[in-house]
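Student: Here the protein sequences come in this chain order: E and L.
For reference, each letter of the first sequence is one residue, going 1 to 120 in our numbering.
For reference, each letter of the second sequence is one residue, going 121 to 300 in our numbering.
Read the hints as simulated data drawn from the structure, not as lab findings.
Ideal Cβ positions, reconstructed from N, Cα and C, are used throughout, including at glycine.
It is possible that some hints are incorrect.
As the list claims (entries may be wrong) - Pulled from the structure, derived: some chain E residues nowhere near chain L, Cβ distances all over 10 Å: (1) V51; (2) D73; (3) F98; (4) E99.
As the list claims (entries may be wrong) - Listed next, the stretches of chain L that the computed footprint assigns to chain E, with coverage defined by at least 3 CB atoms under 8 Å from CB atoms of chain E: (5) 209 to 217; (6) 250 to 258.
As the list claims (entries may be wrong) - Cβ pair distances, simulated, as ranges: (7) S257/L to E62/E: 19 to 29 Å; (8) I109/E to F203/L: 29 to 39 Å; (9) R89/E to R294/L: 37 to 47 Å; (10) R230/L to R11/E: 26 to 36 Å; (11) H198/L to T64/E: 20 to 30 Å; (12) G256/L to S110/E: 15 to 25 Å; (13) R69/E to G201/L: 41 to 51 Å; (14) P88/E to S257/L: 15 to 25 Å; (15) R294/L to R8/E: 25 to 35 Å.
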Amino acid sequence: MQLTWLWRGLRTGVLTTRYPRRPERMPDGWRGTAVLQRDQCVVEGAPPSCVTVCLPRALSVEETGGDRRLRLDHAACIACGLCVAACPRGALSISNEFELAASSRARLISEHRPKGDRAA
Amino acid sequence: MSRTGFQLPLLPGRSPSEPPDTQDRTRALEAKGASEQVGARVRRLFGGSFHLRHVDAGSCNACESELKALANPYYDLHRLGIFIEPSPRHADGLIVTGPITLPMREPLLRTYEAMPEPRLVIAVGTCACTGGIFAGSELVAGPLERLLPVDVYIPGCPPSPLTLLHGLLLALGRVEEARR
Ligand code: SF4
Ligand code: SF4
Chain E
1 MQLTWLWRGL RTGVLTTRYP RRPERMPDGW RGTAVLQRDQ CVVEGAPPSC
51 VTVCLPRALS VEETGGDRRL RLDHAACIAC GLCVAACPRG ALSISNEFEL
101 AASSRARLIS EHRPKGDRAA
Chain L
121 MSRTGFQLPL LPGRSPSEPP DTQDRTRALE AKGASEQVGA RVRRLFGGSF
171 HLRHVDAGSC NACESELKAL ANPYYDLHRL GIFIEPSPRH ADGLIVTGPI
221 TLPMREPLLR TYEAMPEPRL VIAVGTCACT GGIFAGSELV AGPLERLLPV
271 DVYIPGCPPS PLTLLHGLLL ALGRVEEARR
């Protein structure tokens, strides 16, 4: 009986992940968090369509004076992918990054200020 | 660095509508940098073991499902010396899931108060980090950072077991923080 398990163990080897000693990689298409391609995003529309569809309000537009920024809060994003479909310029995508934990809220927030916004 | 905080009774009965104990909160904020303290202590005492207490504060249980997956042979949390404890008295860290519903607010604070110092608080899941889809609801007292000083945020709805591992190891200073 025990030998059966011994042979099985020798045949299959160790399946346990070696993370963090060896890096892991999630398969393509695995949903980690939404990411913004900064050169694509122009933050147009009031509010932009991605902000409209985002249920947990991870995406929002910050406005101070004439300064318009898109704020993406990775701590609130549930990686549902609605904003990916909503963006007409294809600026948003879902990354398969999994090392998302952070020791402060500020590290989980990315802000994007479109280029040429002030000239417009 | 010694295990303090074993006072009884835990705390006088408090109604959920009262604000969180400010004294306790100040004490907690003083213990900031608890991450390094706990990390150093567990390395010294046990060569790295880290004990956690989990509180489900109104989660949908998907986060629990992922936490449970950490114990399976693939992720094998115990190989890293991290254990989930049946009592807050034995815990170095508190993991909280869910948006902190009003009935769970009091048990959560009592659990925190029952833990010896230094103690870490880890917010697991979008709900605990920001309230997620429940943010702004009048039925939740969260997000967690409104009640307790959070040391590590683990986003995701639910976070995958590897994300959880990353977060737990980050709390102990055993992995690098990713740059975004
Ligand atoms: S993936 Fe979903 S939750 Fe995340 S930013 Fe896009 S719409 Fe919001
Ligand atoms: S973060 Fe998502 S999976 Fe976790 S409790 Fe909240 S709704 Fe459920």
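Student: It remains to establish, for every hint, whether it holds in the given structure.
Tutor: Do the hints match the structure? See the list:
1. V51: Non-interface label on V51/E holds, nearest chain L Cβ at 15 Å vs cutoff 10 Å.
2. D73: 7 Å, violated
3. F98: F98/E not clear of chain L: closest Cβ-Cβ about 5 Å, inside 10 Å.
4. E99: Contrary to the label, E99/E does not stay out of reach of chain L, its closest Cβ about 5 Å off (not over 10 Å).
5. 209 to 217: The restraint on the stretch 209 to 217 of chain L is violated, since only 0 of its residues have a Cβ under 8 Å from chain E and three are required.
6. 250 to 258: With 5 residues in contact (Cβ-Cβ under 8 Å with chain E), the coverage given for the stretch 250 to 258 of chain L holds.
7. S257/L to E62/E: 19 to 29 Å: 23 Å, holds
8. I109/E to F203/L: 29 to 39 Å: Holds, since I109/E and F203/L (Cβ atoms, about 32 Å apart) stay within the stated range.
9. R89/E to R294/L: 37 to 47 Å: Holds, at about 40 Å.
10. R230/L to R11/E: 26 to 36 Å: 50 Å, violated
11. H198/L to T64/E: 20 to 30 Å: Check failed, 49 Å falls outside 20 to 30 Å.
12. G256/L to S110/E: 15 to 25 Å: Holds: the Cβ-Cβ distance is about 22 Å, inside 15 to 25 Å.
13. R69/E to G201/L: 41 to 51 Å: Since R69/E and G201/L have Cβ atoms about 43 Å apart, the given range 41 to 51 Å holds.
14. P88/E to S257/L: 15 to 25 Å: 31 Å, violated
15. R294/L to R8/E: 25 to 35 Å: The hinted range 25 to 35 Å holds for R294/L and R8/E, with Cβ atoms some 32 Å apart.
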